[in-house]
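Asks: What follows is each chain in one-letter form.
There are 2 protein chains.
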Amino acid sequence: MSKVKVASFGMSIDGFSAGPGQSLEHPLGVGGPMLMQWVFPTRTFQQMHGQGGGETGVDDDFAARGFVNVGAWILGRNMFGPIRGPWPDGSWKGWWGDEPPYHVPVFVLTHHAREPIVMKGGTTFHFITDGIEAALTAAKQAAGGRDVRIGGGVHTVRQYLQAGLVDELHLALSPALLGQGEALLAGIDLTALGFTCTEHVPSSHAMHVVLSK
Amino acid sequence: MSKVKVASFGMSIDGFSAGPGQSLEHPLGVGGPMLMQWVFPTRTFQQMHGQGGGETGVDDDFAARGFVNVGAWILGRNMFGPIRGPWPDGSWKGWWGDEPPYHVPVFVLTHHAREPIVMKGGTTFHFITDGIEAALTAAKQAAGGRDVRIGGGVHTVRQYLQAGLVDELHLALSPALLGQGEALLAGIDLTALGFTCTEHVPSSHAMHVVLSK
Chain A
1 MSKVKVASFG
11 MSIDGFSAGP
21 GQSLEHPLGV
31 GGPMLMQWVF
41 PTRTFQQMHG
51 QGGGETGVDD
61 DFAARGFVNV
71 GAWILGRNMF
81 GPIRGPWPDG
91 SWKGWWGDEP
101 PYHVPVFVLT
111 HHAREPIVMK
121 GGTTFHFITD
131 GIEAALTAAK
141 QAAGGRDVRI
151 GGGVHTVRQY
161 LQAGLVDELH
171 LALSPALLGQ
181 GEALLAGIDL
191 TALGFTCTEH
201 VPSSHAMHVV
211 LSK
Chain C
1 MSKVKVASFG
11 MSIDGFSAGP
21 GQSLEHPLGV
31 GGPMLMQWVF
41 PTRTFQQMHG
51 QGGGETGVDD
61 DFAARGFVNV
71 GAWILGRNMF
81 GPIRGPWPDG
91 SWKGWWGDEP
101 PYHVPVFVLT
111 HHAREPIVMK
121 GGTTFHFITD
131 GIEAALTAAK
141 QAAGGRDVRI
151 GGGVHTVRQY
161 LQAGLVDELH
171 LALSPALLGQ
181 GEALLAGIDL
191 TALGFTCTEH
201 VPSSHAMHVV
211 LSK
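Chains as they are written, first to last, in the working numbering: chain A, 1 to 213; chain C, 1 to 213.
Because the hints were derived from the structure by calculation, they are not lab data. Be aware that a few hints might be false.
Note: identical chains are not told apart, hence a pair may lie in one copy or across any two.
[Stated by the list, open to error] Derived pair list, reagent style SDA-like, types lysine to any residue, alpha-carbon separation capped at 25 Å:
hint, residue 1, residue 2
1, K140, G52
2, K3, H126
3, K5, G144
4, K3, M36
5, K3, K140
6, K5, H103
7, K120, M1
8, K5, I128
9, K120, G21
10, K93, V58
11, K213, G179
12, K5, G179
13, K213, V30
14, K120, Q162
15, K3, G179
16, K213, V118
17, K140, R158
18, K213, M34
19, K3, V68
One chain only, chain A, in its complex shape:
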């Protein structure tokens, strides 16, 4: 059965999944890359970014799993780019260059309408202005029975969690302190939403936990 899932989401010891001060220079916020140290060396990440090699093992297994059977993605506006407010022009096409690592339709939540952007390699960015449920409906239709992955950022994941629309959440609990940033789970009662921790696997870089309904 198709799922709505969040995967490979890093979280700091103090509960943040992004650092403060997101910008063009700091897409994950200041300190945010500390949450992703587990993924950078993996074969999945290295190959996605056009490098050869990369490590296999627990971290790579989880990184790879996040892409299995994904038929569409949903991203918040801030994960798509650093621009706020109306689109000044059509020049910003995401952080990922000409061939983004999605290879399926990607639905971007925004308050500002924009024509779809067809990228190389199968990724098309669609801009959705009528809310998270409309985006999910469109994504499920595009996914054609495969899973929908909520890519982030933090605010977007929180919205989908609070609306009870997420089936599975893979977090990589990272041995990093951020001090400030965007708290992923603060004020969200995952137990009341029906989640339990169904899997936990340590690596030398992180503790991977899977939360499922």
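We have chain A; now place chain C onto it with these hints.
Replies: Below, chain C alone, put in the same frame as chain A:
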């Protein structure tokens, strides 16, 4: 040099170090024991509770380390017992029976004065009514150059952290969701307080992290 430390403190995926509804039946709150699954099988825990055997390994190493060179403890009132308000009589002497596992002076924070209680095995409970700094001064004096361990509960640890009085914090990040409870780090900027993660060791039950100044 002597340190003020917190050790073997469990924390859930969602950031809670105690469950809701603490009571005589649920000293760690409802669900709280899920945070301590890593410690129960250890040799340190088993021997402390008069059992033989127990497991060695990473979890036991951390459990044992928390007791090394500790000359005094500080506990919050709620960690000492479930009674709130004035002491009705002298009958409550802690959760731990005649011979508590401290074996050194223990300073209990309370608003209600009480005479010290001398227990078997070297533990004496002292009741401190003039605040966390007074308790720390007394504990350091009693420790005679050894470390002072802040035993808990959550509110007490938070007070000492916020006052900048803690040197080292060992957390066992546990693969459990509580949904509700007492958040350990919410609203506390450990980075601004000077902490970094200086050690992280996974076990099959938890990810151990040491935060130090």
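Asks: The structure should be examined with respect to each hint, and the outcome stated for every one.
Replies: Verification of the hints:
1. K140 to G52: Cα proximity of K140 and G52: none, with 33 Å in one copy and 56 Å across.
2. K3 to H126: Intra 20 Å, inter 56 Å, cutoff 25 Å: intra-copy only.
3. K5 to G144: within (15 Å within a copy, 54 Å between copies)
4. K3 to M36: within (24 Å within a copy, 32 Å between copies)
5. K3 to K140: For K3 and K140, the Cα distance is within 25 Å only inside one copy (9 Å; across copies 55 Å).
6. K5 to H103: Only inside one copy: K5 and H103 sit 17 Å apart there, 50 Å across copies, limit 25 Å.
7. K120 to M1: Neither, since 29 Å and 60 Å both go past 25 Å.
8. K5 to I128: Within one copy only: 19 Å inside a chain, 50 Å across chains, cut-off 25 Å.
9. K120 to G21: neither (30 Å within a copy, 55 Å between copies)
10. K93 to V58: neither (32 Å within a copy, 47 Å between copies)
11. K213 to G179: For K213 and G179, the Cα distance is within 25 Å only across copies (13 Å; inside one copy 30 Å).
12. K5 to G179: between (27 Å within a copy, 19 Å between copies)
13. K213 to V30: between (32 Å within a copy, 20 Å between copies)
14. K120 to Q162: neither (34 Å within a copy, 51 Å between copies)
15. K3 to G179: Between copies only: 22 Å across, 33 Å inside.
16. K213 to V118: neither (35 Å within a copy, 50 Å between copies)
17. K140 to R158: within (19 Å within a copy, 44 Å between copies)
18. K213 to M34: Result: close only across copies, 18 Å inter versus 29 Å intra.
19. K3 to V68: within (12 Å within a copy, 48 Å between copies)
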